[in-house]
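Participant: Use the sequences and the hints to build the structure in full.
Chains as they are written, first to last, in the numbering used here: chain U, 1 to 261; chain H, 1 to 261.
Rather than coming from a laboratory, the hints here were simulated on the basis of the structure.
Model, not experiment: these values are computed from the prediction.
Any given hint might turn out to be false.
Same chains, same names: a pair is fine if it fits in one copy or spans any two.
[Claimed, not checked] In the DSBU-like style, the derived pairs of lysine-lysine whose C-alpha atoms are separated by at most 30 angstroms in a straight line are: (1) 24 / 146; (2) 40 / 133; (3) 33 / 211; (4) 167 / 33; (5) 33 / 218; (6) 133 / 167; (7) 33 / 133; (8) 146 / 40; (9) 231 / 218; (10) 40 / 231; (11) 231 / 211; (12) 218 / 24.
The lines below spell out each chain.
2 protein chains.
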Amino acid sequence: MSRMACKLSYDGTAFAGYQVQPGKRTVQSEVEKALQEIHKGARVPVVASGRTDAGVHACGQVLHFDTELAIAPERWVSALNTHLPDDIVVTNAAIVEPDFHARYGAQAKEYRYYIQCGPFENVFRRHFAVHIKQALDVPAMQTAAKHLLGTHDFSAFCAANTTVADKVRTITHVAVQPSEEGLLISIRGTGFLYNMVRIIVGTLLEIGTGKRVAAEMKVILAGKSRNLAGKTAPAHGLCLYEVDYGQPLFVNETPGQVSMN
Amino acid sequence: MSRMACKLSYDGTAFAGYQVQPGKRTVQSEVEKALQEIHKGARVPVVASGRTDAGVHACGQVLHFDTELAIAPERWVSALNTHLPDDIVVTNAAIVEPDFHARYGAQAKEYRYYIQCGPFENVFRRHFAVHIKQALDVPAMQTAAKHLLGTHDFSAFCAANTTVADKVRTITHVAVQPSEEGLLISIRGTGFLYNMVRIIVGTLLEIGTGKRVAAEMKVILAGKSRNLAGKTAPAHGLCLYEVDYGQPLFVNETPGQVSMN
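Facilitator: Quick look at the structure:
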């Protein structure tokens, strides 16, 4: 029996999210269906680094599963891609230690949020970036984003119906960078609460469009109430970009091998 | 009565091509439906610079129509976008001379063909670029492409079932450029035969993958037979990038305003 880790990218548009849900098309169910075909009908459960919501994309999702098949990692990649639908692509596979765990072993994650600015939507990016007509005040967004760095209680940036008790998380990197078509917001941290990135982006967009001033970010964070923060930004601008396990899992791995840019 | 010209971009994935076909979803039928709604039920026929096939995209398609509505050009843009589905976006509108004709007035067109290279398909670009696993011999493709420049009988690069008599066309620009994810092939000319760009690209790909040598391009052109050229490249890598009317049609126009890159 070996434990395999795989890195995958997916276009979240046509999925009801990552996690299995009865009667719905999800990333997990498609991957498990592919594995079941490869294992001649035997069920092979997979464990991912975490869920992504409906419409959210990934280019660096990592999952693990156990198998008795003796297939070389590079052949696992092609075997899986042969059995997967064309909106999921496995880019890497490796044999890992038997105690590797895709969820509990994740030390940090990076999410990227793509925004296109301008009078018209770029029709080719409409599923992969959120379109904002107004010009954005990027320096104000950058100033506000800096308040998020460090260890804080992120209750204000967590969906109100979340039951998790400890809402303290650490953000190690946040950047609001102008891109060719608009803006790229990247956020790296040791863990994220439900909808945390999308609420942060929604709040930054309200600052960028002048509805709020940059200094409010600090007040919102200190207030620890979801009501204080901005709207949850749409799912389709968000991408799980990278999961960090403290060591490279795959041979020849380059971050962002498959980019949404 | 004024004659309006519009520039539009569309994601060709979900269309059975540009031209109206009974019972099928086409770009023209969606635009005419939007115009009919704006004109309170009256039919408004549109004339485009030319057709595009099923799966082919556009970021610079131009069309004209006649209207009795006195709406300012910038308001035409938003009125049309309000009534159009989200895979068609009008980016420009202008009142033109009554004798302007989107098809007969077109002096040149530029098509772009997008290729992604590498071991895995970029899932986010799968509808907008053709994926080739093998490394391509770009210098050979560039050498071959140069043979296309100028005025030639392009019979070898025209779908065999075409009835058009005169197959002489002029290519004024052709470039095979490495891009971040692969290759961009751009071809500009005074006119194109049916499937011409896709057969040229298919032939260039056979040269790039070493199935043919660059010098064959000249032989194929001289042979004037469709059988001599390569396979027709897939539709989804192709984009009608720009139509040139010898003068700017729209205010604030920048070529490639909406880019597939």
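Participant: Of the hints stated earlier, which fail here?
Facilitator: 1, 3, 4, 5, 6, 8, 10 and 12
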